[in-house]
Structures are given as C-alpha cells and as structure tokens.
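As you go down the protein sequences, you meet chains A and B in turn. 133 is the number that the numbering used here gives to position 133 of the first sequence; each next residue is one higher, with no gaps. 401 is the number that the numbering used here gives to position 401 of the second sequence; each next residue is one higher, with no gaps.
The hints are simulated quantities; they were obtained by calculation from the structure and are not laboratory data. Keep in mind that the hints are not guaranteed to be accurate.
As the list claims (entries may be wrong) - Here are the simulated lysine-lysine pairs, DSS-like style, with alpha carbons at most 27 Å apart:
id, chain 1, residue 1, chain 2, residue 2
1, A, K158, B, K280
2, B, K113, B, K227
3, A, K221, A, K80
4, A, K188, A, K111
5, A, K285, B, K188
6, B, K314, A, K157
7, A, K160, B, K314
8, A, K160, B, K310
9, B, K419, A, K285
10, B, K227, A, K157
Stated by the list, open to error - Facing chain B, from chain A, some residues (calculated, C-beta under 8 Å):
id, residue
11, M155
12, T156
13, K188
14, L194
15, Q275
16, H279
17, K285
18, D288
19, A310
20, Q314
21, S315
Since we're looking at a predicted model, the values are computed, not measured. All residues carry an ideal CB built from backbone N, CA and C; glycine is no exception.
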Amino acid sequence: MAAHARLPLRFPKNLLLIRNHKLVHTDAAAKEPAYPPIVPSLTAKSKSAILRKAQEQIQKINAAPIQEKIGLITRVQREKFVVYPQTYARNPDRWYQHFTKTAYIPGLPEKFSMGSGEAAEQESPPTFAVPGIENDAFADIRSMVNRLILQEHQMTKKRKLFLYREQELVMGPFLRNLVKGLTYSLGKYNPLLLLSSLDLSPSVHYYWRRGQRTIPKGHRKGHLEPSRFQIDDRPHSQIRINKQLPQFTPMEASYDAEVPEVKYAPNLMPLFRRQYINHIFTGSKVSDPACYGHTQFHLVPDRYHRNRIARLKQSDQVELFLRANGLASLFAWTGAQATYQGFWNHHDVTRPFVSQAVITDGQFFSFFCYQLNTLALSVETDANNPRKNLLWGTESFRLYESVQDSQVVGLNDDVIKLLVQFLLNQP
Amino acid sequence: MFPETSRCLKAAAPVFSQTGFSMCLRRLQPHGGGSSLQARRHLAVSGCLTAKVSSPRKPRIRVEIPGLEMVTYSDRMHYMQHLTKPVFPRWERDYKDPRHYHSPPMQEMPLYKEKPCYIFTQRTSALEGVRQALWLTKSKLIPRLPPQLLSLAERCNSEFPNQDERVKNTIEHARFWDTTQERPGKLKYSNTLLSNLLHLCATLQSSHPALGRRIFNEKYSLAAPWKRGDDLFQVRGQNGLLLSSMDPLPEISGKQEVSETANNLLETFYPVSPTICLQKVHIYKEDENCTGFTSDYPYRHPHTLFFLEKDDVKWTLRPDQFRTKMIMFAFGNALAYARTLDASPRVLDHPITIQSVGTNGRFFQFLVFQLNTTDLSGDDGIKNQVWLEEDLELYDYAKVRPLIKKKQVKVPAGLAGYKPETFSKFLALYLHGVL
C-alpha cells in the first residue's frame, strides 16, 4: 500500500507559504536521518555484499587491541612466497625493492659522516673526530677492537675448524664480543643503550601482501588473488630500545624517490611458496617495553662468503647480496615494529619508523639505514599512495687488512667511526 | 628395551618409516643406546625388527704349526674344499685416504702410556658429587659465600635506578616474550636469562670504567693436569662461558686462614675410589697444560665461569653433579693459569681466586674457589678453599597460564615470588674486583 498521501485539491495554495514560514526557523537545526543508512547487505550473494564484508572486517581489525589485531591480520593461512634475506638469486636487490616498495639511496644520511679523508688533509696531526665522544674514548675503543680481532684469530686455542664453519666458530664470537664491547663503552654517551635489550640470535618475522595475480588453474581459476610474502630472519644480534629513533628525512621527501618495478612474477626470482603460520615478530612479544629497534648485526655465512662467490665467478653479486640482506631484514623489523604500534596495511603509519643494520663477514663491513614510511603495499591501498620506503646503504669497507705475527695490519678507523656513530644514534 | 615394547610400538605406529622407527627405538633405549644387540641399524624396507638376532659368528681359529707347510688353493685360483684357505700379507695403501682409515690398536699409538690418566670432561657425572670434587682438588668446603662478597651484595641492592623492575623485565623477556610460541623451552630460556642478566650487569660500565677491562670467551679448549697420590688427573674440554679480565681477583682469605686449612681432614668415601666415573685413558700427553689462550693474551686472569645445566641436550647432570662440574672446572682454570706462572707443584704465595655461577633458568649456584697450592700429591698440607652457595631461587613461579586447583587461583599468571637477594649476589660476583 503506498504510503504517500495525496494532496487534496481543496488545500489552499498558500499552505506552502505558511509551511515555509515554519521551516525558516528550523532550517538551521541539523536534519536527523529518520532511517538508518542504506548499505549493501552482508549476507546476500552479491559483489557488494563481499565488498561490505571486507570493509566490516577492516573496521573490526582497526578497532581491536594490538594483540588481537595481529591475530586477525595473520589468522588466515594461504600459500605465500617465503622471502629469504640471504639469497643466492641474481640481482636480488631489485626484486626486494619491488616487493617492499623501497627506494635505494647510495651512501648514508647526512647524520653519519663518512670517512675522514678531507679532515686529515686539513689538520696535520690526525685526530679522531667523532661527534659526541672524546678522543680518549675513541682510542680506547680502537684498542679494544684491535684486541678482539687478535683474540679470535690468534690467541684463543680452539678445536680444529670444520669445513664451512669458520664464520660460525670464529667470526660469530668476534662479532658478538664487538657488539657487546661497543655497546657497553658507548653507554656513557647514549643513555638509550643502558636501558636497551641485547638479543643474541633472535628471530624476526613479517608478513605482508603486495601485488596480485590471476589464478591460473583450479576451481578459482580466473579470480584475482593478492600475492602474500613472509620474511623469517635470524640476525646475529640486535639492540632493541624503548624509545623510537628520529627520522632521517621527512616522509614527503620520499615522494620523488624511484622504486624499480619488476614486471615478472615473483616465483621467477626464484622464490617458492609455502603455507604455514603467518608470523609478525620483532624479536620479542608485544608486552615488552623495548619495542623499537635500534641496530641489527648480521653475519654473512660461509655459503655466501665473498671468497666462495669469487670462486663461482659471481663477484659482482656480493654487494647486491648485502644490499638485499639489509633491505629485507630491516623492512621486516621496521614493519613488525609498526605493527606492534597498531599500524597495518589499511591503517598507514603516521610517523616513520627507523632502524639501522651492519652486515659483515668479519673483515668487510657494510652499513644500512632504513626508514619505513608506508605499510600500505597491497593493491587496493597502494593505488594512490605516493610514499615510498627508503634504504640508505654503503659498499663494504675493510675493517683490517690482515693479521700477521700477533698484530693487526691496516686497521681502518673510518669503519670504527661509523660503528660508533651508528650506536650513538639517539632521539 | 624389551621386544614386547618394540612390538607394541610397531603395531601402534605403522606410518613410521623403518629408518625413522629404528632411530626412535635407539633414542628410547637407556644410556643413550650403547651397544645393544636388540635394535641395530635396520635399513631394509621389509621384514620385522623383532626377529631374534643371531649371535655374531666366531672366527675359526687358525692353528700355526711350525715346520708344517700349508697346502692352499691360492695357486688354483678358486675354492677347493680339501685345501686350506690362503693367508695373504696385509695390503696397505701407499697414500693416506681419510675415508678408508683404520686407526692402529691402542698399544701401537705413539702417545700410549701404561699408566692410565683420569680425565674430567664436561659430560662427567661424578658419583660422589661434591665430596669427590673436594677430594680430587684437595679443598675445604665452606657452605656459604665469603663475608666480603655478602657485604658487597648488600651494597649492590641499589646499583640501578629501578633495579627490581629491570630485573623482572629481563626475567619476563627470557621466560615469556622471547618466542613466537606460547612459551620458550628450558634450554632457550636459561640461555636467554643468563645473557640478559649479564647484559644488565655490563651496562654498569658507564659508572665503573674498569669493567671495560674484561671480555667474554666461549669454546676455548682447556687442559690442566695434576697428580694426586699415584694417579694422574686432567681436566679437559670446553667448559662454559668464561669472563676473563686483565686484572686478577683479590684474595678472599688471608695467610692465617690459609695455614689453618692444613688442619682440615679430607673426606674419603671408601670403598668407592675417587677415580670413579672419570674417563680412563691410556693415550694422553703428560703435563699438557693449556689455559685456552696463547701467552700474550691481554685478558689472562680468569674471573668468572658461567655454566648452564641444560647446555648439552643429550646429557643432563643432576644438581650435585652439576656443582661438581663447577668446582672441577673452576679448579682446572685456576690450575692451568697457575702452572703458566710456575710449573712446579708448590704452595702459592699469591693465591688465585676464581668464581663460578651455575644456573638452570631459575636456581642459581654461586661458587668461589681459591687455589692456595698446586702441590696436590699428598692428602695433608695446605688445602684449597671452596665457598659454595647452592640452590638460590631467583623467582618462585613464571607461569604463562595461572595454576587453578578446585576453581581457586593458586599461582597467578606471570612472574611470581621474585627474590632480589639472588640478583644482588649475582651482581656482587660480577662486580667483585672492581668495587
């Protein structure tokens, strides 16, 4: 039955004018909707119902507390690409940049001064000019590094080294002692390090979606499916702090950066898919007060050592391997830190998350800084997202030339300076 | 292991592969599955595992009668029933192939000695426990920490600004937060707890710069020999985490107390021999003394040894045996260092002090060992001193889920019953020598 009442013909024409008078006074008041908003159904078998269900899920995840939020994001298990930070693939850095929407900037941010070549020319007696600490402290650190190198290589009587275990048995303890020695000596100048948490061989995991593909075969053939990725990383050691590091550049500066686009499917890298629990983990659970990351240290295993890569005649891949390692590890760590603060794909970060990494094989050191500006990497959220993540990285520098006759030959001060500056980074 | 048990297991788990099953059987056997005849490596894909294993064949005894020529079928180049089997000279490769190498019998090895040497390794589980360690090291036991360390522990109550809260955070990190699973296993959390506590103590370097003269070491090979009566003993192996320092630890007890230890009687446990459970070897280097480092090592003074009960997955020691291991390796490190200064056995003018901490993730054992003499051949004379405090709890419960009995919460979830005194003693042992 139609609810509309017909206007009777005998109604005076000036009723509308009278009505208008009444309405003049109540126009300013907001019109409250008499009926709830018209939205697509939740349970119908229609495309709009599917869309509405997805939106409801997104709102539910946004409103949940952090532990449940992570659980809801990682609840559904499907096949995903397992991304290994240390990989034998060729040119892995371009692939990883595409997967994580990261732009690579050679060199380090202005905060970290690289090399003292110009300074040495200007001042005749070479001084150890590291902003933030005194010369005596730097000289102490330098002699400590000297002793550590000698200790591991010469002075400790170990059992005979196994094949392909030199990194684990010699360089691993050296790096551990180096990290500890630097952290404790620099604690005086960086109070964050005194309250930090040092993890030895922690696990770092991150799970995200990027890009999509058409399912080629099966009962869902022809449908579009987002590509899922998972990083499971085991750095050698990492330092976690309870305050966030300051950003290197504002987020807007990343709008112009270039991210290489790889048109091929990820499995051509080669990258393989598996299905298991989706982990998002910074190295410690959500209730830990030290939830922000400071620096990670990675050890290059024997399999990817530059001598072995040179024997396989792929020396050009060494730097790319290190870059890909730094990229993937730092992206996973910063992404997990951001997720612990409640940001995710559909709720992008409001402040950039910053972390640092040092990758070494015992003799050669490379330094990386990462700024996470965006977590919105999936197809629907990335459409109008101008932000890009940024990775600064260096080539690998030698710490020392060789060890001969209980003496370290050619100890490079610049590398020690960079290490000190990295650890002194604080808000 | 009984054949019935293996038959039941086989019936219950048909999906196991044969090799997997034989590995399971091996693991279930007592004593880690030594040389048992019942379940050997069985790589066939069919056939049952529990058939009766026939005894190994005894080789025929070849009788050599001098003067009697053996008529063999070697010239005939094939087997002949009525002729005897020829004996050919042993063939040796003219080059060394490591895949086909048979070591010579024990008596022909170059380092073979008639007299056995008894070796204490990291897996030795001494039957008589602490008493045996005291006899072997000729020491006197004092069942509490020395008074200097106790007073230092009282002063260490407020080294950090929020000491209790920070230590509780480290314990919670080790026990709850370190894994993606619900809770980390015992091996993992005991390791993490020790490294977290050491990290916490080491951050004091900003206020005590002398802590910078120390370094950590793992996996160094120790060797320390000594004579006790007629027997030779050695402490060998990779023991644990060593904190070594450039400066020696101060002596705990003065000359008066050291000379008073001469009156102490060593406790024997006849009829059990003191060499029980020690590995007996005939092939060893006499007087092989090695601290694990070369002579020009800057951090030459061993400061503290850290032991973990669950270090070796296959071998767990009972608490008493764990304390024995702590005493023996502390003694070994001190003795090796003393012998680098002077190899002859004598009473030391400056006794060497070394500390030791052992933990299983919740209980801590603290040990201080003072080496007063390297002359250990007789049972009388000046003895070494051991101060041992055992089984100190750091916390009562660290539960992921609360313990509920009869609908009442007996133990709440999280960390419960934290005891700050244990950490103060840990910190005192760490700062000993600096403060």
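Against chain B, run the beta carbon of D288/A and see if the smallest gap drops under 8 Å. holds, 5 Å
Given hint K80/A paired with K221/A - CA-CA distance at most 27 Å: holds, 18 Å
Is the interface hint satisfied for K188/A? The criterion is a beta-carbon contact with chain B at less than 8 Å. holds, 4 Å
Residue hint L194/A, partner chain B, criterion CB-CB below 8 Å: Where the cut-off is 8 Å and the nearest Cβ of chain B is about 5 Å from L194/A, the hint holds.
Does the closest beta carbon of chain B sit nearer than 8 Å to the beta carbon of H279/A? holds, 5 Å
Verify the proposed pairing of K227/B with K157/A, using a straight-line Cα cut of 27 Å. Judged against 27 Å, a Cα distance of about 24 Å means the pair holds.
Measure nothing beyond the straight line between the CA atoms of K160/A and K310/B; if it is 27 Å or shorter, mark the hint as holding. Since the Cα atoms of K160/A and K310/B sit roughly 25 Å apart, the hinted pair holds (cutoff 27 Å).
Cut-off 8 Å, beta-carbon criterion: hint that M155/A touches chain B: holds, 4 Å
With a cut-off of 27 Å on the C-alpha distance, tell me whether K285/A and K188/B pass. holds, 15 Å
Can the hint on Q275/A be confirmed by a CB-to-CB distance to chain B that is less than 8 Å? Interface hint status for Q275/A: violated (16 Å vs cutoff 8 Å).
Pair hint K188/A and K111/A, alpha-carbon separation not exceeding 27 Å: Distance ~20 Å between K188/A and K111/A Cα, so the pair holds.
K419/B paired with K285/A [C-alpha distance capped at 27 Å]: Since the Cα atoms of K419/B and K285/A sit roughly 24 Å apart, the hinted pair holds (cutoff 27 Å).
Checked against the numbered hints listed earlier, the structure breaks hints 15, 19, 20, 21; every other hint is satisfied.
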